[in-house]
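Throw the hints in and build the complete structure from the sequences for me.
Here is what each chain is made of, one letter per residue.
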Amino acid sequence: MWNKFKRNKLALIAAAVIFLEVLLAIFAPLIAPYDPREPDYVNFLKGPGENHLLGTDDLGRDVFSRLIYGIRVSLSAGLISVLIALAVGIPIGLIAGYYRGFLDEFVIMRFTDAMMSLPSLVLALALSAIMGAGLKNAMIAIGIIFTPRYIRLVRGEVLSIKEAQFVEAAKSLGMSDIRILFKHILPNIMSPILVQATLSIASGIIVEASLSYLGLGTQPPIPSWGTMLSTGQGYLDQAPWIALSSGMAIFISVLAFNLMGDGLRDMLDPKI
Amino acid sequence: MSRYLIQRIIMMIPVLLLVTVLIFSLIHLTPGDPALMMLGQEASPEALEALRARMGLDRPLVVQYFSWLKNVVKGDLGTSIRDNRSVAEAIFKKIPITLELALLGILISIVIAIPAGIISAVKKGTVFDYSSTLIALGGISMPSFWVGILLIYLFAVQFKILPPSGYISPFEDLSQNLKLMIMPSLSLGIRMAAVTMRMMRSSLLNVLQSDYVRTAAAKGLPEFVVILKHAVRNSLISVVTVIGLQMSAFLGGAVITEQIFAIPGFGRLVVQSIFNRDFPMLQGSILIMAIMVIFVNLAVDITYSFLDPRISIGGGE
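Residue numbers (our numbering), protein chains in the order written: chain G, 1 to 272; chain L, 1001 to 1317.
Hints are computed from structural coordinates only; laboratory data are not their basis. None of the values given here were measured: they were computed from a predicted structure. Treat the hints with care, as some may be off.
As the list claims (entries may be wrong) - Only pairs whose alpha carbons sit at most 30 Å apart, straight line, appear in this in silico DSS-like list of lysine-lysine:
id, chain 1, residue 1, chain 2, residue 2
1, L, Lys-1074, G, Lys-46
2, G, Lys-4, L, Lys-1124
3, L, Lys-1074, L, Lys-1093
4, G, Lys-183, G, Lys-171
5, L, Lys-1160, G, Lys-6
6, G, Lys-6, L, Lys-1124
To be verified - Taking CB as the label site, the calculated pair distances span:
id, chain 1, residue 1, chain 2, residue 2, range
7, L, Ile-1135, G, Asp-40, 35 to 41 Å
8, G, Ser-191, L, Asn-1206, 47 to 53 Å
9, L, Leu-1134, G, Ala-169, 57 to 63 Å
10, L, Phe-1066, G, Ser-76, 22 to 28 Å
11, L, Leu-1061, G, Val-42, 52 to 58 Å
12, G, Met-190, L, Phe-1275, 39 to 45 Å
Unchecked claim - Below, a sample of chain G positions facing chain L; criterion: calculated Cβ distance under 8 Å:
id, residue
13, Ala-126
14, Ser-191
15, Leu-194
16, Ile-250
Beta carbons are placed, not taken as given, at the ideal position from N, Cα and C, and that holds for glycine.
Below you can see the structure in the form of structure tokens.
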């Protein structure tokens, strides 16, 4: 399986990029040359050069340092929102798929239908606005909008294997439903969940950046790529490096998670 | 066909009802006083009381929900708490602007995606296939607001050939309208093109392996006839689905694209209602968006059954 992943050069590069980003996020204080929140009213809107690798922003803050610290916001937003969606979506999906019946057909599935007909970004915006702007609430909002996808995915996977012999065997041994669901069914449906989770981290990064761009996600002075993009848009003619570098950072991270997700899918799905 | 349509419409009703419950609970079940959330901490007790009385917030939640639902069914989405505009009127004034953006975006995506997907599938494994697949993956990873800002930087700041933002109605000045709409529709269309192109490629690849395509080729039909007449039509079913399914993402994208390009459409109305804490406007806007998505899904299902008459509820008529 690992060999299959290794053969996918793009996925390998993507994994390396993600690993590098994780390192940059952890060691940000050691790597970033400046304090990302410290304004410098003398050197504002300075172009990329010796002192500032990627220039400075409208308040004279070092763009490179802000990008490095911004990784923390983006990665944690992507990861935590997906974890929230998994924590809620997996148990509900397992129950829906395993027990079927009225609860599944008329409550859970119709509820996911309804949730999925609300445009996710708009729902995330509304939730963030109601709960209050900020990174924590943005992560919860993103987690909520991702949850129906996992309910549907897990339910579908449970339906496809619940009649399998190993499940029947576990039942005939008198195992409890909870044990069967979490010990026998869940480990066997982890592959598609893992693929979806990787791809969702990419979407999570985009939604967090969108919320921050609109002013409803991470709040200043915490450096986030979305707010940097929003600030940078106002200085596109004088200081294009602010918007271009933060946009590139979003693009590279999202692309890395998408490529990684595709690679994992190729590796884990024997049908492809 | 008509039985299928009726069944499909009946199935929509519970989903629509649940959507109204969700939207209502979004605002009313969130901890905190909705009146306080709308008017802010600095509001006077009299103002809060007046708003509560006006919106009926002092009544039990179930009563509030059913009275809202009754009005919604009658087409009354309430009035804005900021400027007393009718919510329905405000929304329907803005929808044509967003619709123009959406149609142009879809057009751009189709013009790029269908030919690229077909060539990629037919020339599988060639440089064209690899590069277009990679470009498509890049396109999927580009958030529409980032594409929008890049386009502004290139075409408005660097080359100065397009205006950076703004809106003029096509009935007022069509050429200026198109100039203003090119970048926003491109920024929405590119991402959609990437998704559609991937689907076109994979679904055409599937169809190309089927027996009837081999038979058509074996009969000696020219390759382009086999591909365009026999294979593409059948692979379009999944492409139509993907285009339809993206409607929801598209509306979300419009919210942010309209913000970037200062287009006074439906998306911008949503953002404004969020910042103004105008909950009746927000509630009405989300409801209309959800209804649009549900109806587009219905239209997709109907298009399906035209493209593939085997599809219908329960296996078919």
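Exercise for the section: Identify every previously stated hint that the structure contradicts and give their numbers, smallest first. Expected result: The structure breaks hints 1, 5, 8, 9, 10, 14 and 15; every other hint is satisfied.
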